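Novice: Chains as they are written, first to last, in our numbering: chain A, 1 to 149; chain B, 1 to 142.
Some hints could be false.
[To be verified] Simulated pairs of lysine to any residue, SDA-like, Cα-Cα distance not exceeding 20 Å: (1) Lys71/A with Asp81/A; (2) Lys71/A with Gly56/A; (3) Lys131/A with Arg115/B; (4) Lys71/A with Asn49/B; (5) Lys71/A with Ala88/B; (6) Lys131/A with Met82/A; (7) Lys71/A with Met1/A; (8) Lys131/A with Ser40/B; (9) Lys71/A with Arg58/A; (10) Lys71/A with Val50/B; (11) Lys71/A with Ile3/A; (12) Lys71/A with Gln2/A; (13) Lys131/A with Val50/B; (14) Lys71/A with Ala51/B; (15) Lys131/A with Ala89/B; (16) Lys131/A with Ala43/B; (17) Lys71/A with Met82/A; (18) Lys71/A with Lys131/A; (19) Lys131/A with Val85/A; (20) Lys131/A with Asp81/A; (21) Lys71/A with Arg115/B; (22) Lys71/A with Ser40/B; (23) Lys131/A with Ala41/B; (24) Lys71/A with Leu59/A; (25) Lys71/A with Val60/A; (26) Lys131/A with Leu61/A.
Worth flagging that the hints you see were computed from the coordinates, not collected in a lab. In this text the structure is predicted, and so the values were computed from the model without any measurement.
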Amino acid sequence: MQILVALLSGILFGAGLAISGMANPAKVLNFFDIAGTWDPSLALVMAGALAVTLVGYRLVLRRAAPIFAGKFHVPSARHIDMRLVGGAAVFGLGWGLSGFCPGPAIASLTTLSMQPVIFIIAMLAGMLVAKLPVLPKIFQPGGSRGTAS
Amino acid sequence: MATEFTPVASLLGGLLIGLAAVVLMIGNGRIAGVSGILASALAARPDGNVAWRWAFIVGIFAGAALAAAAGVYDPDSVRFPATGFLAAAAGLLVGIGTSVGGGCTSGHGVCGMARLSRRSLAATGVFMLVAFAVVFITRHIM
């Protein structure tokens, strides 16, 4: 059942990305271009998503457990450290350069263009690189590690 | 390249994304964070719980394909401002950044913010500000 739930959730997610226009990196980048070809659409996507999750999570997390699993897997870390801030900054750099973030990149594979394929392969490589002990010490795991996704 | 402001479609799409996150939480007790789910699917976590993660990822593609089939999304309208080497460099940065920072737009931006997590609020503020700065620099200064 967990697999079916995840598939349904993924389908809703992908349809939402596609309908909202977020599968289009040009549209995403235009959100960040207030001084130029500004397109505020992304703000409405966030507002719509948060309106549902803010209420939905509150109701769901009142339960003792999810329907098809033993417990809720919700990050418990609270500490804001250099890993969090540095990682977010590096992500923002890649996002701002391309308009791609992970979910929309997968949704934009439906264009059959090579660009999301290139992006995703490099992103997966980056995820593997991040596991290697090659990053500056301040970004190494240890201490608080709250994976919010 | 200009894109049209689409308030209704974007709000509706956002509602669907939120619904997706709530479904994954009530069903599986999981955060709908795409970067974390991808990284864990790839790493084949010791908990053996990889199948639902791949189902979610396949679902994202299928959902977008269904939206295209239903005529509410046109893949031909999609444009890629970054191609080739730049797309690869951005991918590497996004992969490293989301792994180190523990989340992306979905995990921190939607799910974490909805839980009013201080970490996610901070991360979302940082990656949004950096993206604004990068676009301003690349489009208006460079």
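Novice: Each of the hints needs a verdict: does it hold here or not?
Specialist: Now the hints, each set against the structure:
Of the supplied pair hints, the one linking Lys71/A and Asp81/A is violated, its CA atoms being roughly 27 Å apart against a limit of 20 Å. Taking the CA atoms of Lys71/A and Gly56/A, the gap is about 17 Å. The hint holds against a cut of 20 Å. Pair hint Lys131/A plus Arg115/B does not hold up; C-alpha atoms about 27 Å apart against a cutoff of 20 Å. Straight-line distance between C-alpha atoms of Lys71/A and Asn49/B comes to about 14 Å, which keeps the hinted pair within the 20 Å bound.
For the hint pairing Lys71/A with Ala88/B, the CA-to-CA distance comes to about 38 Å; that exceeds 20 Å, so the pair is violated. Straight-line distance between C-alpha atoms of Lys131/A and Met82/A comes to about 16 Å, which keeps the hinted pair within the 20 Å bound. Distance restraint check for Lys71/A and Met1/A: the Cα-Cα separation of roughly 15 Å lies within the 20 Å cut-off, and the hinted pair is therefore satisfied. Between Lys131/A and Ser40/B, the direct Cα distance comes to roughly 12 Å. Compliance with the 20 Å bound is thereby established for this hinted pair.
With a CA separation close to 16 Å, the supplied pair Lys71/A and Arg58/A stays within the 20 Å bound. Between Lys71/A and Val50/B the CA atoms are separated by roughly 17 Å; this keeps the pair inside 20 Å, and the hint holds. The hinted pair formed by Lys71/A and Ile3/A meets the criterion: a straight-line CA distance of about 16 Å does not exceed 20 Å. The straight-line distance between the Cα atoms of Lys71/A and Gln2/A is roughly 13 Å, inside the 20 Å bound, and the hint therefore holds.
For the hint linking Lys131/A to Val50/B, the alpha-carbon distance of about 18 Å falls within 20 Å, and the restraint holds. For the hint pairing Lys71/A with Ala51/B, the CA-to-CA distance comes to about 18 Å; that is within 20 Å, so the pair holds. For the hint pairing Lys131/A with Ala89/B, the CA-to-CA distance comes to about 18 Å; that is within 20 Å, so the pair holds. Taking the CA atoms of Lys131/A and Ala43/B, the gap is about 10 Å. The hint holds against a cut of 20 Å.
Between Lys71/A and Met82/A, the direct Cα distance comes to roughly 29 Å. Violation of the 20 Å bound is thereby established for this hinted pair. Between Lys71/A and Lys131/A, the direct Cα distance comes to roughly 27 Å. Violation of the 20 Å bound is thereby established for this hinted pair. Our distance criterion of 20 Å between C-alpha atoms is met by Lys131/A and Val85/A, whose separation comes to about 17 Å. With a CA separation close to 18 Å, the supplied pair Lys131/A and Asp81/A stays within the 20 Å bound.
Of the supplied pair hints, the one linking Lys71/A and Arg115/B holds, its CA atoms being roughly 17 Å apart against a limit of 20 Å. The hinted pair formed by Lys71/A and Ser40/B meets the criterion: a straight-line CA distance of about 18 Å does not exceed 20 Å. Proximity of Lys131/A to Ala41/B is assessed by CA-CA distance (about 14 Å); at most 20 Å being required, the pair is judged to hold. For the suggested pair Lys71/A and Leu59/A, the alpha carbons sit about 15 Å apart, so the restraint of at most 20 Å is met.
Distance restraint check for Lys71/A and Val60/A: the Cα-Cα separation of roughly 12 Å lies within the 20 Å cut-off, and the hinted pair is therefore satisfied. A threshold of 20 Å between alpha carbons decides the hint, and for Lys131/A with Leu61/A the separation of about 31 Å lies outside it, so the pair is violated.
Checked against the numbered hints above, the structure breaks hints 1, 3, 5, 17, 18, 26 and satisfies the rest.
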